[in-house]
Amino acid sequence: MSTLLTSRIMTDVFGGITSGAVIALVALCLVIVWKSTNVLNFAQGAMGMFATFVGMNLVFHDTNYWLCLVLSVATGLVVGGLTERVLIRPLYGKPEINPIVVMVGFLGLLEALVPAIWASSFNTVPSPFSQVYFQSHGNTVLLSPFVLYQIALALGVMLVVALLFQYTTLGLKMRAAALAPEVSRLLGVRVNRLLTLGWMLSSGIGALAGVIVSTGHTLDATNLDGIFVSAFIAAAVGGLESPLGAVIGGLLIGLAQQFILNYWSANLAPLAGVIVLLISLAIKPQGIFTRTVTRRV
Amino acid sequence: MKWLTTLRDARPTTSRALGITLLTLLALLITFRLSALDDAKLASGAAIAIVVVGLSWLIGWSGQVSLGNSGFMAVGAYVTAIWANHHATTPIFVTLLLATGCGALSGLVLALPSTRLRGPYLAGMTLAFSFAVVPLALNFPSVTGASSGLTLNFLNAPSWFAGLFTGPQATVNANAQWSADVAIVVAAVAFFFMANLFHSRTGRAMRLIRDNDVAAELTGVNLPRTRTLAFVISAAYAGLGGSLLTLLNGSVTPQTYSIALSILLLTLMVLGGIGTLSGAVLGGLIYSYSDNLVSLVNKVTGVNPASTFGANLKGIVFGALLILTMLLAPRGLVGLGSQLVRLFAQLRNRT
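Line by line, the protein sequences give chains A and B. Going by the numbering used here, the first sequence opens with residue 1, and the numbers climb by one from there. Going by the numbering used here, the second sequence opens with residue 1, and the numbers climb by one from there.
What the hints contain is simulated information worked out from the structure, not anything from laboratory work. Note that the coordinates shown come from a computational prediction; the quantities given were computed from them, not determined experimentally. Do not take every clue at face value.
Chain B stretches covered by chain A per the calculated footprint, using a threshold of three residues with CB under 8 Å from any CB of chain A [what the hints assert, rightly or not]:
| # | stretch |
| --- | --- |
| 1 | 63–77 |
| 2 | 305–312 |
| 3 | 325–334 |
Yeah, the Cβ is synthetic: ideal placement off N, Cα and C, and Gly gets one too.
The task is simple: from the sequences and hints, build the whole structure.
Written as structure tokens, this is what we have:
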């Protein structure tokens, strides 16, 4: 047992799952926004880091970690709602490149605004849990209470989101509003509010992803950039429509990158994502986890 | 001026060639009045304008969004630097053509599966590509020189051109102006081809695809082939622009071609005006004088350029401009004039 747990393969599996869980979380955000408003949120990572900065910067001023976490998520909710109301709502019914361009602009704006407001300090956000790795028969297992916390938080949020969409009236309304907005409106669902709520939800989860990657790490505006790109690949491979596909895709991308990083080269990990995407899109352009739908003319 | 419209209708290609030649000659004359610094700014602006017009063609005419053009620029840039270091005597235009071809080829590799995709998928795919470029360049240090990049010889003015200059800074001025003039001529040729492309059969097919792809298919347009062609041409222009920029700078570093450049290209294109040649020229000029623009904002707002806020002001200004333009004036500076006229007419009618 000790040999298996501490073997190189298992080390990579643990590492891959840790990064994969965060990728899956961000991919889930992309799918929520895509399903509700048909917008690919290019600023997802930047919005998450902005919210993370608002909350987590207070850690350096002796504020409780958990309070900062809650503050970050709350900021994420507000930023998401405002973004939908101010930037996205005027663009409904416009060509699909318009929201893409606006969100790319928002990405550029936030990535400049964050270092402008909070001058880079290179301070490490302290972890609330021990970062000392477990030992097994004198060998190191690449798991620590801190790593378990990261994985548990990411998977826990995914579970909550799944329960929300499957088993609550609100979740049902949100799914209905995304699937058939006109019919839902006729049946008395306040669709516009739910679209805003979808953005708030994904932005709040994005903030949590920012907190997870920034804990035990320096607080930097670009912390989620690579994760956003991987998350997009995961979501696209799974088909932007499928939350489950996004989560599975995220975990797989995390594992794949970890193996390439360890056995080949850290620099080639981003390229591997592109190649995976190219191949999967060449085989099944609509994504692996979606049914083929015909587009109405 | 009746003969002008007659010429335009009877011989569109000739009249485009005449128009662009006249504008180019004017630009070349202007470079004689500029300082070496302004020449350098104008030269890099011309190189960027080439990339912007390629992007403008892709987004404005075929309705596909690419965030990977910084990656294609990198391909052109590295091909240029590597080639120039091994074959120093190659004429510039051969190097430029080679880089253009390599840009097109890399575009083709990425386009073959991606052009079956619609909007956001393609944009995300190209984003992933441009994100992989910098690490890829770092991974092969023996070829790309890792993070310090590669250097090559500057463009030096030939003796007949240098002979026109006198004074203490003659050589510097001659070389700077020669670089600017070369860049302007290359950009003019690229713009001439693009002007014809806009009005070609492919250009018209492209517009139809953008507005209604089903109708396009019914009229016999081959969708995947036309989309792929649009993408490859855009990548070729990016390769050319990257190559020209490398020749002008005399160096290439991977960090130049990060995602930030792709975002900047998109910003310049939208600010100028999507899908127009004049918009791309404006985009190039905005690039040339972006530092002046930012220091103007610095002066107006009173932000200290040495502070952390001032250091990031460029990104803030451009990000905000991109969002505002898309929300308020989606046709950019080019369309702003007619938009204002219409607004004014509306206001007058109301009273």
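Hint by hint, here is what the structure shows:
1. 63–77: It holds, with 3 qualifying residues against the three required.
2. 305–312: With 4 residues closer than 8 Å to chain A, the stretch 305–312 of chain B meets the three-residue bar; holds.
3. 325–334: n = 3 at 8 Å, threshold three: holds.
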